[in-house]
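**Q** What follows is each chain in one-letter form.
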Amino acid sequence: MHRHAGGVLWVLAYILVVSSPLLFMAVRPVPPARPFLLEASVALGFVAILMMAIQFVLIGRFQSMSTPFGIDVLLRYHRHIAAIALAFVVLHALLLVVHDPALVAWFDPIGGTWASRTGAWALYAFILLTLLSIFRQQLRLGYEAWRMSHTILGIAALGFALIHVHLAGRYISTSWKEWLIVAICVAMVGAYGYIRLVRPALMRRAPYKVVEARPERGSVWSLALQADGHPGMRFLPGQYGYLKLGSPYSLDEHPFSFSSSSETRGRLEFAIKELGDFTNRIGQVPPGTTAFIDGPHGSFSTDLTPAPGYVFIAGGIGIAPFMSLLRTLADRGDPRPVLLLYGEKRWDDVAFREELEALRERMALAVVYVLEQPHEGWEGETGFVTEAILRRHLPSERFERHVFICGPNPMIDAVERALVACGVPDRNVTAERFDLV
Amino acid sequence: MGRFLRHHPEYLMAAFVMVLVVGLALARSAGMAITLGPETPAVVSATTPDERPWFDLGMEVWDARCYSCHADLEYIPELFLADGGRTYLLELMLFGVRGEVVIEGAPTNLRHRSFASLDDEQLSAVLNLMLVAWGNDEALPAAVGFYAPDEVAAARTPERSNEEVLQRRPNPWR
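Protein chains in written order, with the numbering used here: chain A, 91 to 527; chain B, 4 to 177.
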């Protein structure tokens, strides 16, 4: 409940900040009234600027914000709000043309006045940034290059938009209005600068050394790190961190769930599956490599969601946070019952299955494997985690247990629907999507 | 629907903001706006209607025509007291002014529309109001020469261009 209250507060704060420039239009001194379309266009432009500015904070990984929502959800907001802001900006420009078709000349990036030019540049920077994000893979743009372009274009779009407002600024003629909008934008971009510059500087004081990269089944690696000269971070089981190898300032950082027990301090592990350029090389990371961790992040933890028992539903490498949760619960001697439903393609690829068997001895754990491609003679569940499978295995007192789901997006969507069909209330389900970027 | 919105508050926020945008645009296109604090300029010295019969009219003109752009005019006494400043203020109101001037070392684009459409009574009233509001009356000598409607009428001819008005402008802030 407490977590959700935090979420509601953030949503209200968001609305307040986004609509704050509308005050500029509402409070005197203001220019004489103009036609509705013009005023609506101006209001949309103002709101869109603030939406763009807040984008910098949404990806800032601030724990007070990421705990109520989860960073995966914040990144989804980031994308959806970008689409909304772009729609507002385009509408802002289109309404001007509807009001007066001659204003189409303002779309010329070198024509018009400086006020219209900077506005056009902001619009084009925003569009380019969006296209690069949508078509990053088709364009074969590397992750690091994309992030660099994304940051530069984002700051450029916001900067041009502010100059545009200043030059066009009929509503910004009073200094408090101008200062307010500049201050908000600087604060937002500053928050982003904080995570890019200040936080890495702090991280440098807490380095880790790679101890080993241990192969697991199904091209999964357990990457073990040892805190180097400090006691190591405290994380909650199920949380994750952004791993950087080499430099804390590197843009090449990747979120991975901790897979080790949160009861062991100083040493921690990530479970990483070979899925891309970075993860394919994890097995070759030599012991002794310096590593940095931005974290812990996330709200996917039994410690934040007390319940008399749990149901864990994992798809493939979605097992990673559950390994941390199970190892921690076992280390603590936690008596609460846990049911793990674990979907994977083939039996031979089921990472950690030997250890899961061992964990069953140490805690009240039941495991149900669901194989997509079962071998001959397999007598367990097959296919995907469906409503029928859930009905067969969910404990009869399931309404009391909390359900955690981690896996690929289509699996989470399907399981969430199946849980609703089984009558599990929405508030008893927490999902984590690791398809972040 | 409830479930969708709980999972996607961003669309709820967008819808809410859109309602604000449309509402505000409607209000603004109808000329509405909120006034924080006193809309009319603060007048410091005690004054009786007999002494300043133009006062109410000046306030009316200020609210309708000046306030949307000017928050205050605290610098008027300096301009008024400069050589030719008194005439310049009147001509600025009658003919408007346009061009570049240097204010405190910085080139500044000066632009003011003409208010020749106001009648002599209104123009003299609002000019006099500027001389007494924001504490300006304390910065001016007691025997300040208020504008009279006749004076405004006489200044309407000959008609002057924006450039002429600019040339006749004193600059106390060079």
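Just so you know, the hints here were simulated from the structure itself, not pulled from any lab data. Keep in mind that a hint or two might mislead.
As the list claims (entries may be wrong) - Facing chain A, according to a computed beta carbon distance under 10 angstroms, are these residues of chain B, among others:
1. H10
2. Y70
3. A157
We treat Cβ as the ideally placed atom computed from N, Cα and C, and that holds for glycine.
**Q** Confirm or reject each hint.
**A** Hint-by-hint comparison with the structure:
| no. | hint | result |
| --- | --- | --- |
| 1 | H10 | holds, 8 angstroms |
| 2 | Y70 | holds, 6 angstroms |
| 3 | A157 | violated, 30 angstroms |
Hint compliance for this structure: hint 3 alone is broken.
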